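Trainee: With chain A held as given, fit chain B onto it using these hints.
The listed protein sequences derive, respectively, from chains A and B. Numbered according to my numbering, the first sequence terminates at residue 358, and the numbering increases by one at each position without gaps. Numbered according to my numbering, the second sequence terminates at residue 158, and the numbering increases by one at each position without gaps.
It is worth saying that the hints were derived from the structure and are not from the lab. This one's a predicted model, so the numbers in the text were calculated from it and none came from an experiment. Don't take every hint at face value.
As the list claims (entries may be wrong) - Chain B regions said to be covered by chain A (calculated; three or more residues, Cβ under 8 angstroms):
(1) 62-68
(2) 123-129
(3) 141-147
Said to hold, decoys possible - A short list of chain A residues far from chain B (calculated; beta carbon distances all over 12 angstroms):
(4) S9
(5) E127
(6) D251
(7) S280
(8) E326
Claimed, not checked - Cβ pair distances, simulated, as ranges:
(9) A:Y264 x B:G74: 42 to 48 angstroms
(10) B:G27 x A:E23: 52 to 58 angstroms
(11) B:G53 x A:D196: 34 to 40 angstroms
The C-beta atom is built at its ideal place from N, Cα and C for all residues, glycine as well.
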Amino acid sequence: MLVLGIETSCDETAAALVTDKREICANVVLSQLDEHAPYGGIVPEIAARSHIEHLDGLIARAMKDAGATFGDLDGVAATAGPGLIGAVMVGLMTGKAVAGVHDLPFAAVNHLEGHALSARLGDADLEFPYLLLLISGGHCQLLLVEGVAKYKRLGTTIDDAAGEAFDKAAKLLGLGYPGGPAIERAAKGGDAARFDLPRPLKGRKGCDFSFSGLKTALLHKVQALEDGLDNTLRADLAASFQQAVADVVIDRCQNAIKSFRAAYPDGRFLVAGGGVVANSLLRARLKTLAEKSGLSLALPPLALCTDNAAMIAWAGIERLSLGLEEDLNAVPRARWPLDSTAAPPPGVGRAGKLGPKA
Amino acid sequence: MSTLLALDSLDATEALAARLANMTESGDIIGLAGELGAGKTAFARAFIGARLGIREVPSPTFTLVQVYENDNGGAPVWHFDLYRLEHGEEIFELGIEDAFDTAICLIEWPEKMAEHGPENWLELRLLPGDTEHARRAQLTPHGTRAAHLAQLLAAPDG
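Bound-form chain A, shown alone (with noise of 0.2 angstroms):
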C-alpha cells in the first residue's frame, strides 16, 4: 500500500509517501529543503497563502523523489486538524482534491494521532498499548495509545507548551531561534544548582504540566542581576532552565506511568514524541524514568518527531488498513482532541468546556 501524506498545520508545508512496509519513499518538509529557490525563495511562515503556493510543487518533488505517479497510489491522507484553520483547509482540500480526482481512499488524520502513530512507522516492533509523552512547540501531552483511533489523554498543559517555553525563555536569555537547541547549547557547561526555579505541578496530583510560572520565574531572575549578563551567568541561568524543565517532565511522566500501569500491567512501551524530544537531557532523564519503571524507551527518529508529512501518510495506512476511510466530506477543524472524553485538569474549569488547544 502506498499513501501520500499531507500536512499543512501550522508553518511546515510537507507532502510524503510511505508504504505500509514501513517504507519513506520521499518526505519533504519546505522549511528544511536546502533549495528554496524553485519554490519562491521563502521559508514559509503562517500563510495559508503560503501553503496554496508551495504544496502542488512539493507534492510534485514527492512523487519524483519516489518515482511514483498517482496511478500508483493507495490512498491519500491528510492532516484535518487541530491547527490554524486557514493552513489545515488547504492540505485537506488538496488532499481531497487529489483522492476525489483519483479515486483513492481517503483518510482525514488529526496531527496528534500523527504524532502518536509516527514512533510505529520506525519501529515494527512497537505494539499497543503505550504510554506516550508528546512535547513539541505547540502541545505538551500525556497520553495512553490503545490502539489505532483509540486514545485516553491522561494530562495537557494548562498554559505554555514546553517548546514555547524554551522558545521564550532563550528570547530572554538573549539565545536564538528556536530556543530549544540555543537553550540546550549554551547550557553546556552550565550550573544547574546556581538558580533556584520553581518546578510548576510538580509533586501535585494527575499528569497536567504548567510551564508559564518558570518563564516568569526566569524573567525575574535575569532582571535581579545587578550587572546584567554574561556568558557564565547564561549559560547557569540555561542550564537551571532546562534542568526544572526535564524536572517537571519527568514527574508528570511517573504520575503517567503508574496510570498506565494500572490500566496496562503488561504495557512495555514508553514513547516519547515532538520536537522538544531532541533535548538531550531530556533523553537521557527519559531513558533512566523508563529503566527504573521496567519499560522501553522509543524515541522516533528526529525527522518524524518535528511536524512532518510521513507520520500523517503512515497513520492514514494505520486507519485505511482498518477500513477507517472518510468521505470527501472531512472538514477542517481548529480544535480537535484526540480524546473527545478527556476531562479538563483537575480543580479548574468544568466538564465540557475545554480551550481550543485540549
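Mentor: Chain B alone, transformed into the frame defined by chain A:
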C-alpha cells in the same frame, strides 16, 4: 492620555481582567502589551475565565489565535498572540477583520499590527511593579469607546 493602575498582586490583576471582561461587548478590541513574562497571557486567561467560565486557556503563541465560543449565544472571544508575526499585514490571514466586527478581541503584542491595526481599541500595557507579583496597568485608549472603558476601569468602584 494614559492612566496608570497599581496592581499589588496576581489577584488584583485577575480582578481587573474580570471587571474588563464583564464590561466588554462584541466589537471591543483590547491590546495586551508588555514584555515577555509581564503577565499578558495570565491576564487573558483571567478575562476568558470570567467571561466564559473556561479555565483551560493555553497560550496562543504557537497557533497565533485561539477562538472561544460563547455557549450562551453572546460574543465569542478571539485570543491572538502576534509575537511570531513579521509583517503587520499578516494579521489579515488570521481572519482578524471578521473578529473585529463580530467578537471580543484580546490581542497580545498589538504593536506587531503596526499601521494595519484598528482605529478603536484599548491598549492595556502591563508593566513591572514593586514586587514579583505586582504589576502596573497602563491604559491608553484609542477612540471614544475605548476611552469609556478606560474610564470605567479607572473608577475605584467600577
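Trainee: Output the numbers, in ascending order, of every earlier hint that fails for this structure.
Mentor: 2, 3 and 4
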